[in-house]
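Participant: We have chain A already, so just place chain B on it with the hints.
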Amino acid sequence: MLELAIGIILGSCALGAGIAMIAGIGPGIGEGNAVAKACEAIGRQPESKGSVTTTMLMGCAVAETTGLYALVIAILLIFVAPGRLVDLLMSTIR
Amino acid sequence: MENKDRRFRTLDTVYILMMILPIVCGIVLKILTNPVSDGIAISGANVFFTINMPIQDLPITESQVNSWLVMISITGLCLFLTHGIKEKADTKRQHIAEWIVEKVEGLVTGNMGEYFSGFAPFVTAILALSAFSSLLALFGLYAPTSDLNIAAGWAILVFVLITYYKFKCGPVQYMKSFAEPVKFIAPLNVISEFATPVSMAFRHYGNVLSGSVISVLIASGLQGLSAIILGWLPGFIGEFPLFQIGIPAVLSIYFDVFSGCLQAYIFATLTMLYVSGGFPADEYFRRKSAKKQTV
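Residue numbers (our numbering), protein chains in the order written: chain A, 810 to 903; chain B, 22 to 316.
So here's chain A without its partners, still in its complex pose (with noise of 0.2 Å):
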């Protein structure tokens, strides 16, 4: 019984963090947007690319924080959650 009671632990701890990074696709959409907007401005005025590129690198650092928030929780998922509740479990039991 323990046995299944951890591995339903484990088990939700991955599935949870699997479905936590779904939420990467919208940073990625948006990056790409940013990145294809950023491509034409050069293109039109090439002159322009320094300061083109470097807005572009703000805009896409600050478009991936919703992304970064669902890694940590992935990463808290896996690395830290599954322990914790372990141990909640067992002095549950006890």
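Hints were generated in silico from the structure; no laboratory data involved.
Watch out, some of these pointers could steer you wrong.
Unchecked claim - Simulated pairs of lysine to aspartate or glutamate, DMTMM-like, Cα-Cα distance not exceeding 25 Å:
(1) K313/B to D303/B
(2) K107/B to E119/B
(3) K124/B to D896/A
(4) K858/A to E126/B
(5) K858/A to E123/B
(6) K109/B to D33/B
(7) K109/B to D26/B
(8) K189/B to E201/B
(9) K189/B to E135/B
Facilitator: Chain B only, in chain A's frame:
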């Protein structure tokens, strides 16, 4: 003259040692404290020892020690670059030092305006600390920036600065700044105020950590691949790391060098933008000029 020259060289040697020794110390410390394991594993920072404190125990971790080593190393670099500085630049190191100062001052005045030109040393410090902390991974050491606590510490420091500059026109103006552009949006503004340090810390930490996790995963995958292909051969050839040569280095160039420096730049730029964006410049200068007229 001979005596002075010798003294100059001795100090130079001391500064160079100050740059290199902390990193050597870190490598030695890592070799001494990390237990030898056969597999490649993903783990957090090692806890060296714990100091008993009244409220909560204070663990001294690898990331804290490494960030102090980076600070000592950067101090050595700065002392070396500015050693024997003259009014007219004629040495290579003075040219490098002047180039750094000019670049950062241009960056700060371009992004924040003339009023904040005193911010250049702070921005340089954040930039150098963040970049060198990420580059520490090249020596095989634990990069302090892949620990959330370090990034959160810097983000809280930036948050304090933002709040200080928002308070420049008094608490009433500070409260009013939340009720913009309309009044009922104030709760959302309060939340976004606290989301600023959280997002800054998570951005820096998440980028560096995800890079190191991917590097470790690919390294262990390559280990398995070369074990499959060469594993059936006897003796020394069977353990030959065929695929681990070269491929992780290419990844390291992107994840450690490029991504680390880019994150440092982004952290510094966001610091500048948030601090200068939170400062109510128009109101402040209006009050200042009004004060001058009454006096």
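Participant: Is K107/B within 25 Å of E119/B, Cα to Cα?
Facilitator: At roughly 11 Å apart (the allowed maximum being 25 Å), E119/B and K107/B satisfy the hint.
Participant: Holds or violated: are the alpha carbons of K109/B and D33/B at most 25 Å from each other?
Facilitator: With a Cα-Cα distance of about 20 Å, the restraint between K109/B and D33/B holds, given a limit of 25 Å.
Participant: Next pair to validate is K189/B with E135/B; report whether the Cα-Cα distance is within 25 Å.
Facilitator: Between K189/B and E135/B the Cα gap is close to 17 Å, so the pair holds against 25 Å.
Participant: Straight-line Cα separation of K124/B and D896/A no greater than 25 Å?
Facilitator: 53 Å, violated
Participant: Under the criterion that the straight-line Cα-Cα distance not exceed 25 Å, is the pair K858/A, E123/B satisfied?
Facilitator: Given pair K858/A, E123/B holds - Cα atoms ~22 Å apart, limit 25 Å.
Participant: Hinted pair, alpha-carbon criterion (25 Å max): K858/A, E126/B. Please report holds or violated.
Facilitator: 22 Å, holds
Participant: Quick one, are K313/B and D303/B close enough, alpha carbons at most 25 Å?
Facilitator: Within the cut-off at roughly 16 Å; holds.
Participant: Straight-line Cα separation of K189/B and E201/B no greater than 25 Å?
Facilitator: 18 Å, holds
Participant: Would you mind confirming whether the straight-line C-alpha gap from K109/B to D26/B stays at or under 25 Å?
Facilitator: Satisfied, since the Cα-Cα distance of roughly 19 Å is no more than 25 Å.
In this structure, the one hint that does not hold is number 3.
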